[in-house]
Amino acid sequence: MKSKTRYLTFNTKTRNAFVNITEDVQKVVNESKIKEGICLVNAMHITASIFVNDNEDGLHHDFEKWLEKLAPHAPTNQYRHNDTGEDNADAHLKRQIMGRETVVAITDGKLDFGPWEQIFYGEFDGQRNKRVLVKVIGD
Amino acid sequence: MKSKTRYLTFNTKTRNAFVNITEDVQKVVNESKIKEGICLVNAMHITASIFVNDNEDGLHHDFEKWLEKLAPHAPTNQYRHNDTGEDNADAHLKRQIMGRETVVAITDGKLDFGPWEQIFYGEFDGQRNKRVLVKVIGD
Amino acid sequence: MKSKTRYLTFNTKTRNAFVNITEDVQKVVNESKIKEGICLVNAMHITASIFVNDNEDGLHHDFEKWLEKLAPHAPTNQYRHNDTGEDNADAHLKRQIMGRETVVAITDGKLDFGPWEQIFYGEFDGQRNKRVLVKVIGD
Chain A
27 MKSKTRYLTF NTKTRNAFVN ITEDVQKVVN ESKIKEGICL VNAMHITASI
77 FVNDNEDGLH HDFEKWLEKL APHAPTNQYR HNDTGEDNAD AHLKRQIMGR
127 ETVVAITDGK LDFGPWEQIF YGEFDGQRNK RVLVKVIGD
Chain B
27 MKSKTRYLTF NTKTRNAFVN ITEDVQKVVN ESKIKEGICL VNAMHITASI
77 FVNDNEDGLH HDFEKWLEKL APHAPTNQYR HNDTGEDNAD AHLKRQIMGR
127 ETVVAITDGK LDFGPWEQIF YGEFDGQRNK RVLVKVIGD
Chain C
27 MKSKTRYLTF NTKTRNAFVN ITEDVQKVVN ESKIKEGICL VNAMHITASI
77 FVNDNEDGLH HDFEKWLEKL APHAPTNQYR HNDTGEDNAD AHLKRQIMGR
127 ETVVAITDGK LDFGPWEQIF YGEFDGQRNK RVLVKVIGD
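Residue numbers (the numbering used here), protein chains in the order written: chain A, 27 to 165; chain B, 27 to 165; chain C, 27 to 165.
By construction, these hints were calculated from the structure, which means they are not laboratory data. Fair warning: there could be bad hints in the mix.
Pairs count within a copy or across copies, as identical chains cannot be separated in the list.
Stated by the list, open to error - Straight line, CA to CA, 25 Å or less: simulated DSS-like cross-link-like pairs of lysine-lysine:
hint : residue 1 : residue 2
1    : Lys30     : Lys59
2    : Lys30     : Lys156
3    : Lys61     : Lys28
4    : Lys156    : Lys91
5    : Lys30     : Lys61
Source: prediction; values computed, not measured.
Pulled out of the complex, with its shape left as it was, chain A reads as follows (with noise of 0.2 Å):
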């Protein structure tokens, strides 16, 4: 069994942005010569999510609309999270319906999608510096 591990660095210029990572994930397992295996993919930070989707710029912003209505930025002091000088009790939240990781099956060396799937760094807490993690396992 191979595995290659690549850790990747997002700093979005807005509190919360989608962006798609698509290609940087496909570009680890290239580099990791896989060809039959798996490749997870995960947020390192616990209000970012990783998720696939569709690339279409009208859909994310009806996903930042409803994940505000689901779990709502302020008024902060709804939050007992928020009491610890935090202001991201929200970002929390959103991440969980948003999920974490995503696992990608590998065959014949390429990321295995459907014909609309992309990866997406969900970011809910941005402008700073954050990690995802790319693990690729496999022969």
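With chain A fixed as given, assemble chains B and C onto it according to the hints.
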């Protein structure tokens, strides 16, 4: 390390549907002859889910009603994604709640499940062919 | 490829609870002697979750309050699943938000975590024995 890849196709009669695919997945595990490892099962379309929960019709009704409350289909013009000519923005949101994929342990050649665990295909924009990937890796 | 399988049992004193199981999982990784690979951790019951988030009591309070808003326990007769004699339909829904499983990278024999990542068992229908599966694969 051995691996096995299979693609399952579903075409549900209704827009929303839950299909128990546990036996289909176990068949792929049997074909793989893998005794110890893991099995990844994921929707290859971004308006569908794979999840593990109870095989109980009342609960599936509850899931459908609950998802409709959290991410309503209508009015379709509440979503910018639907400005592209689609009417399935809600399906992209519902799939985030229910999840894209599951990873299941294989122990002694079987899906290593608790007493009530069953794998479901969750469809939120059906009535056309959509695929599910099953990848088994191990020894 | 090596593998190791362990089953952990939890019996929480309250109906809802969050239990930090990070050290229990690292112990299984240590026993496996696997240096590079992945670790799957999943609830074996469908009214419980495994998730990765912050080890902070205020946040756990926020999670509980938020989940109760999104998927209220009472009135129990709002759910058809409860017509079967159960009263835990809400627990099946809450588990979908928080997730069934996590897959964590193993690098150099350790859970490859960011600074705040911790693994939690999330219980939504406790006060009885329930199991969690830990499966490590790699070399």
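Hints, one by one, checked against the model:
1. For a Cα distance limit of 25 Å, the shortest separation of Lys30 from Lys59 qualifies both inside one copy, at 9 Å, and across copies, at 18 Å.
2. Proximity of Lys30 and Lys156 under a CA criterion of 25 Å is satisfied intra-copy only: 20 Å inside one chain copy versus 31 Å between copies.
3. Taking the shortest Cα distances, Lys61 and Lys28 sit within 25 Å of each other both inside one copy (10 Å) and across copies (12 Å).
4. Taking CA atoms no more than 25 Å apart as the test, Lys156 paired with Lys91 passes inside one copy only; the shortest distance there is 23 Å, against 28 Å between copies.
5. Proximity of Lys30 to Lys61 under the C-alpha cut-off of 25 Å is found in both arrangements, the shortest distances being 12 Å within a copy and 12 Å between copies.
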